[in-house]
Amino acid sequence: MTTTPTDGTPVASNGRPQADHADLAKTLVQRIADLRAWLFLAALIIGFEAWARSSFGGTFIFNPFNLQSIAIFAVAPLLLATGQTFVIISGGIDLSLGFIMGLAAVVAAHVINYATPGMGAPTAILLGFLVAILVAGIPGFINGLLVSRLRVPPFIGTLGMFGVARGVAFLLAGGTTVPVHNPLFATIGNGRFIGVPYIVWITAVFVLVMHYLLSQTRFGQHNYAIGANPQAARRAGIDIKSHLLRLYIMSACCAGLAGVLYSARFNAGAAQAGEPLLLDSVAAVVIGGASLFGGSGTILGTVAGAFVIAVIQYGLVFVNVEPFWQFISVGVVIIISVLIDQAQRRFSGGRIDE
Amino acid sequence: MKRRSVLKSAAMLAVAASVGLAAVPGHAQDKKYTVALVPGLTTDAFYITMRKGAQAAADALGVELVFQGAPDFNPVLQVPVLDAVIARKPDAILIAPTDTTQLVEPLRKAHDAGIPVITVDTFIGNGKYQTGSGNADFPLSYIASDNVLGGRMAATALANAIGEGGGKVYVSNVKPGISTTDQREEGFKAEMAENHPNITVLETQFNENDANKAASQLQAVFARNSDLKGVFGANLFSALGAGNGVQQAGQTGNVKVVAFDAPTSIIDNINSGLVDVAIAQHPAEIGYYGVVSAFAHLTGNSIPVAIGTGFTVINKDNVGDENVAKYIYSD
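Taken in sequence, the protein lines are chains D and Y. Counted the way this note's numbering counts, the first sequence spans residues 1 to 354. Counted the way this note's numbering counts, the second sequence spans residues 355 to 685.
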């Protein structure tokens with residue numbers, strides 16, 4: 001298994017990946033297609049740079065303020081999309097991530113408020129982080145049980161959990177936002193280290209770890225195998241049930257981290273924090289090159305996908321375009337991504353899902 | 355039968371009124387009225403505070419209050435809730451309609467069934483009721499803060515905070531089509547245009563109630579307009595996000611933030627300096643007057659077709675004052 005499993009070919013236990021006997025031209029096309037999210041991103045940045053220079057003589061990308069703002073904006077959608085990447089590669093989808101994020105944000109706010117007077121700020125924050133991420137894991141665990149043991153389709157199971165997590169989060173929050181009274185927590189959310197916000201550092205490290213987990217470990221390999229061909233994976237001796245259970249817990253914990261960082265940044269836990277981000281997270285994964293049919297995708301692609309969305313939304317405000325164009329542009333980019341994906345499969349002789 | 359009992363209660367109220375309002379609960383025991391309150395959304399401190407005011411009035415009058423709504427401010431979600439409420443035949447409905455036109459027909463069903471309708475916070479049609487013209491004049495009363503006035507107060511507060519120099523400002527808003535936030539923006543722009551010529555209002559940014567997006571938009575607008583001096587957050591998440599955007603841009607104190615509504619998270623931000631001014635509505639009063647008006651109507655009294663509740667301007671100087679603190683939305 002020397003090839004990376006990003007090309008959508010099943011990583012079967014015995015079969016040689018089909019790309020081995022493909023000619024060089026195909027491989028080149030494939031490589032370019034794999035990088036399409038980064039190419040999109042580059043094209044967008046060049047486009048906005050040209051626009052900024054020609055319309056008002058400013059610069060878009062050489063302005064560190066812009067880079068920083070885009071990075072902060074991308075944090076929450078990217079964290080959700082990281083968990084979502086694993087789930088989508090396995091052939092599933094997790095619709096509950098947005099409200100799991102809100103649940104974690106509210107739990108973190110409550111725990112930190114509760115613990116700060118007795119334990120001091122740093123311990124309370126640590127406790128808040130732990131409890132919030134553990135609590136986020138509970139709906140993930142139930143999602144995992146539903147999908148792996150009870151054979152509920154992920155779309156339906158996680159949709160149900162979307163409602164449950166939402167209700168519980170709002171109940172815990174009393175229907176409103178929960179302000180956090182811990183200045184150190186606000187510093188974590190808004191402070192900087194060598195000019196880069198802490199939350200961007202935390203996200204970067206976390207995403208690299210997840211990239212390693214997906215691309216270099218047995219867990220990641222199993223994930224691709226299950227998504228590409230569950231029957232083959234089962235015959236190859238992979239314990240699909242326990243894998244899926246761990247998978248959904250992990251994606252919920254990603255959303256939990258996003259929720260805690262949200263509370264730190266806005267100094268308040270809000271149940272609806274992640275609601276608008278769910279579809280952005282799916283979009284980031286798809287733009288990043290993953291197939292919704294499972295079996296392909298990378299974390300680095302998702303990073304590019306999340307930044308494509310962030311750059312479009314920030315850039316259009318920066319060059320002062322009518323706000324509704326944002327929806328249109330993100331939609332168009334998603335459609336183009338999927339078209340490229342399909343064309344690539346056809347061209348490389350791989351499976352075409354229709 | 356029902357009508358007769360209403361008349362009877364009306365007669366009783368006339369007696370009770372002469373004795374004094376405090377005696378009403380004792381006399382109203384024959385017919386315990388049920389009033390339904392349908393908020394714009396259930397998950398918002400504004401409506402939760404409104405419910406508290408409504409409950410206070412309901413307790414005082416011996417009325418049963420039913421509170422049912424949808425988790426999002428969306429007519430598609432609100433109409434089924436309203437239908438279910440109508441099916442239970444309450445004696446009156448208080449509702450914050452989530453759309454000026456889409457809620458007209460669903461509410462007419464209540465009206466046709468003989469259930470009086472009073473709108474609170476938001477309105478249907480043009481908000482002018484009992485005029486005999488138009489198809490949306492059937493509600494009895496519209497009880498709300500004057501959001502255009504609130505927008506004007508926000509503009510004045512922002513202009514004062516910015517001071518003599520003037521500069522650029524913009525409105526951070528949720529999305530178009532919500533009557534209250536549209537009116538706040540309208541009032542804000544009108545006041546700026548009429549009375550503050552040294553302030554330029556830039557194009558409005560819509561954030562879909564996403565604080566993350568509102569923050570990013572502030573940073574983008576500031577990156578483009580280095581002379582940005584202020585922002586008006588037309589609701590909670592707009593203001594929370596804009597305040598964070600100012601902080602991330604390192605412009606706290608330089609770019610002024612005015613927030614509409616005053617839940618505790620905004621008050622915390624006033625204390626920490628991230629938000630300069632909050633325009634607090636009085637949602638508890640809206641709920642209180644709503645229930646009292648419904649009760650007065652049910653007991654045969656006339657009620658005003660419009661009741662305006664006021665605003666309180668909260669800033670760092672008065673936030674500790676207990677006369678001001680009572681207007682903070684509580685959960």
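Take the hints with a grain of salt, since some may be wrong.
Unchecked claim - Partner residues aside, some chain D positions facing chain Y, computed with beta carbon under 10 Å:
| no. | residue |
| --- | --- |
| 1 | 54 |
| 2 | 56 |
| 3 | 60 |
| 4 | 66 |
| 5 | 77 |
| 6 | 170 |
| 7 | 174 |
| 8 | 186 |
| 9 | 189 |
| 10 | 193 |
| 11 | 216 |
| 12 | 220 |
| 13 | 271 |
| 14 | 276 |
| 15 | 318 |
Hints listed in this document are in silico derivations from the structure and should not be mistaken for laboratory results. Here a beta-carbon is modelled for each residue, glycine too, at the ideal position from N, C-alpha and C.
Structure-based check of all given hints:
Given the 10 Å rule on beta carbons, the hint for residue 54 of chain D is violated: about 15 Å separates it from the nearest Cβ of chain Y. A hinted interface residue such as residue 56 of chain D counts as satisfied when its beta carbon comes closer than 10 Å to some beta carbon of chain Y; here the least separation is about 8 Å, so the hint holds. Taken as an interface hint, residue 60 of chain D checks out: its beta carbon lies about 9 Å from the nearest beta carbon of chain Y, inside 10 Å. Of the supplied interface hints, the one on residue 66 of chain D holds, with its beta-carbon coming within about 5 Å of a beta-carbon of chain Y, less than 10 Å.
For residue 77 of chain D, the interface hint holds, since its Cβ comes within 10 Å of a Cβ in chain Y; the closest pair sits about 8 Å apart. Using the Cβ-Cβ criterion of 10 Å, the hint placing residue 170 of chain D at the interface with chain Y is satisfied: the shortest such distance is roughly 5 Å. At a threshold of 10 Å, the smallest CB-CB gap from residue 174 of chain D to chain Y is about 4 Å, leaving the interface hint in force. Among the interface hints, the one on residue 186 of chain D holds; its C-beta lies about 8 Å from the nearest C-beta in chain Y, closer than the 10 Å criterion.
Restraint check, residue 189 of chain D versus chain Y: the minimum CB separation of about 9 Å is within 10 Å; hint holds. Interface hint at residue 193 of chain D: violated, since its Cβ lies 14 Å from the closest Cβ of chain Y, which is beyond the 10 Å cut-off. This hint is violated: residue 216 of chain D has a C-beta 31 Å from the nearest C-beta of chain Y, more than the 10 Å allowed. Contact between residue 220 of chain D and chain Y, as hinted, is not supported at the beta carbon level, the nearest pair being about 29 Å apart and thus beyond 10 Å.
A cut of 10 Å between beta carbons decides the hint on residue 271 of chain D: the least distance to chain Y is about 7 Å, and the hint holds. Checking residue 276 of chain D against chain Y by beta carbon gives a least distance of about 4 Å; that is within 10 Å, so the hint holds. A hinted interface residue such as residue 318 of chain D counts as satisfied when its beta carbon comes closer than 10 Å to some beta carbon of chain Y; here the least separation is about 4 Å, so the hint holds.
Comparing the model with each earlier hint shows violations of hints 1, 10, 11 and 12; every other hint is respected.
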